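Participant: Just so you know, the sequences run in chain order B and F.
Residues 140 to 252 (this note's numbering) are what the first sequence spells out, left to right.
Residues 6 to 115 (this note's numbering) are what the second sequence spells out, left to right.
Treat the hints with care, since some could be wrong.
[Said to hold, decoys possible] Have a look at the derived ranges for each label pair, beta carbon to beta carbon: (1) F:G21 <-> B:V191: 47 to 57 Å; (2) B:M166 <-> F:N27: 28 to 38 Å; (3) F:T72 <-> B:E156: 43 to 53 Å; (4) B:R212 <-> F:D7: 37 to 47 Å.
Just so you know, the hints here were simulated from the structure itself, not pulled from any lab data.
Keep in mind it's a predicted model, so treat the numbers as computed, not measured.
The C-beta atom is built at its ideal place from N, Cα and C for all residues, glycine as well.
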Amino acid sequence: DVKVTQSSRYLVKRTGEKVFLECVQDMDHENMFWYRQDPGLGLRLIYFSYDVKMKEKGDIPEGYSVSREKKERFSLILESASTNQTSMYLCASTPTGGKYEQYFGPGTRLTVT
Amino acid sequence: EDQVTQSPEALRLQEGESSSLNCSYTVSGLRGLFWYRQDPGKGPEFLFTLYSAGEEKEKERLKATLTKKESFLHITAPKPEDSATYLCAVYKAGYSTLTFGKGTMLLVSP
Numbered sequence: 140d141v142k143v144t145q146s147s148r149y150l151v152k153r154t155g156e157k158v159f160l161e162c163v164q165d166m167d168h169e170n171m172f173w174y175r176q177d178p179g180l181g182l183r184l185i186y187f188s189y190d191v192k193m194k195e196k197g198d199i200p201e202g203y204s205v206s207r208e209k210k211e212r213f214s215l216i217l218e219s220a221s222t223n224q225t226s227m228y229l230c231a232s233t234p235t236g237g238k239y240e241q242y243f244g245p246g247t248r249l250t251v252t
Numbered sequence: 006e007d008q009v010t011q012s013p014e015a016l017r018l019q020e021g022e023s024s025s026l027n028c029s030y031t032v033s034g035l036r037g038l039f040w041y042r043q044d045p046g047k048g049p050e051f052l053f054t055l056y057s058a059g060e061e062k063e064k065e066r067l068k069a070t071l072t073k074k075e076s077f078l079h080i081t082a083p084k085p086e087d088s089a090t091y092l093c094a095v096y097k098a099g100y101s102t103l104t105f106g107k108g109t110m111l112l113v114s115p
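Take these sequences, add in the hints, and give me the full structure.
Facilitator: Shown next, in the form of structure tokens:
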């Protein structure tokens, strides 16, 4: 079974703090994604990566950056957290071989106070 | 602009009362349509992929179908444990990402 894990289920940070969210997948997937999910807005893509050290902006990259130093690990960084970044953050990965379904991690509920 | 619209936004059923959820899309070059289940506070769980019009997939009480403009998720004799938000998403030829609908929240009462 595909397994996508995220470093924290719940996180509380203060405004201005630097925040790291980590995602690890164990299925040798090439593509990895970071989303945020908010009530009424659905899933919104922040960044994605299709290879080590490669990254692409999604629909809402402002205020975020990412890092992918190893194939299995994709990190989301909030350089200076703000209250409007309070959200559920979801990581996903996609298998290779022409299949496009994404497998999600359990999510991190981030609260910025 | 590509769009994925799910209806209804919320659906309340009695246990055993069958119904369908709708996912309509306006995407040229559809390469796949995906259904997910999401429980509160958790990540979406992959259910089905449909690739072409006329295709059907089944899993327990769920059956997904696809036409050229929409997909249906039929729920037969639902149970309370089927309560969740159901998301659909589409993959477009030439892109690396999925476009998600906002979901249908299903509540099945005993």
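Participant: Take the hints in turn and mark each one as holding or not.
Facilitator: Comparing the hints with the structure gives:
1. F:G21 <-> B:V191: 47 to 57 Å: 50 Å, holds
2. B:M166 <-> F:N27: 28 to 38 Å: 32 Å Cβ-Cβ, so the 28 to 38 Å window holds.
3. F:T72 <-> B:E156: 43 to 53 Å: About 48 Å separates the Cβ atoms of F:T72 and B:E156, which means 43 to 53 Å holds.
4. B:R212 <-> F:D7: 37 to 47 Å: 30 Å, violated
Comparing the model with each earlier hint shows a violation of hint 4 alone; every other hint is respected.
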